[in-house]
Amino acid sequence: AQSVTQLGSHVSVSEGALVLLRCNYSSSVPPYLFWYVQYPNQGLQLLLKYTTGATLVKGINGFEAEFKKSETSFHLTKPSAHMSDAAEDFCAVSGGAGSYQLTFGKGTKLSVIP
Amino acid sequence: ETGVTQTPRHLVMGMTNKKSLKCEQHLGHNAMYWYKQSAKKPLELMFVYNFKEQTENNSVPSRFSPECPNSSHLFLHLHTLQPEDSALYLCASSLDRHSYGYTFGSGTRLTVV
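Residue numbers (our numbering), protein chains in the order written: chain A, 1 to 114; chain B, 1 to 113.
These aren't lab readings, by the way, just hints derived from the structure by calculation. All values derive from a computational prediction rather than experimental measurement. The C-beta atom is built at its ideal place from N, Cα and C for all residues, glycine as well. Incorrect hints may appear among the rest.
[Claimed, not checked] Computed list of lysine-lysine pairs in BS3-like fashion (alpha-carbon distance at most 25 Å, straight line): (1) A:K106 - A:K68; (2) B:K18 - A:K109; (3) B:K36 - A:K106; (4) B:K41 - A:K106; (5) A:K106 - A:K69; (6) B:K18 - B:K36; (7) B:K41 - A:K49.
[Said to hold, decoys possible] Partial selection, computed: residues in chain A whose CB lies under 7 Å from chain B: (8) Q42; (9) G43; (10) L44; (11) F104; (12) K106.
Please construct the entire structure, taking both the sequences and the accompanying hints into account.
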């Protein structure tokens, strides 16, 4: 079984500041990890994913995340926040190869202050 | 436009009504999913269809009845719902059940009165 914990239901950053959204997971098998973004009144859009290989993955809109097995973490970062980054972000985990079911965290709402 | 279209976008229904949600994709995907998104809760997977066959039912009450007539269309039939069923219902698709490139629709905001 898998689970996801997102630390902080709401994060506010100033425009141009570093964005850091935290995600910790638990999984009994090597996990596949994902970040999705949801803009108001829209569905979820994949930001980035880690399956195998390089532990630092780059996604759309300048976001990246690093898989740290020892810390069971997959934090999402962006060096410089933009107003258009304001949205709700979800971390998700699946049980690795052959297990397609995603378990989502509760989400973190990112606000960007001008 | 995400490639997955859900209709209607908003639905208000009484507890004795029967209604259906529709999801359509023309991405060539063969797996389709229904998720429920409630305030302050994680997304809940409800049903999974792979090549038109239901492969997952996550203990969803029988007042929710899915239908997948072909790989491009997915329905969620609703009857005798409860106010706590009010939520955003999201449809998603992927190439197949072992793929991770989920494409989500914009959802149907359901309010049960």
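Tested hints:
1. A:K106 - A:K68: holds, 21 Å
2. B:K18 - A:K109: violated, 34 Å
3. B:K36 - A:K106: holds, 12 Å
4. B:K41 - A:K106: holds, 5 Å
5. A:K106 - A:K69: holds, 21 Å
6. B:K18 - B:K36: Roughly 18 Å separates the two Cα atoms, so the pair holds.
7. B:K41 - A:K49: holds, 22 Å
8. Q42: holds, 5 Å
9. G43: holds, 3 Å
10. L44: holds, 4 Å
11. F104: At about 4 Å, which falls below the 7 Å cut-off, the nearest Cβ of chain B leaves the hint on F104 of chain A intact, so it holds.
12. K106: holds, 5 Å
In this structure, the one hint that does not hold is number 2.
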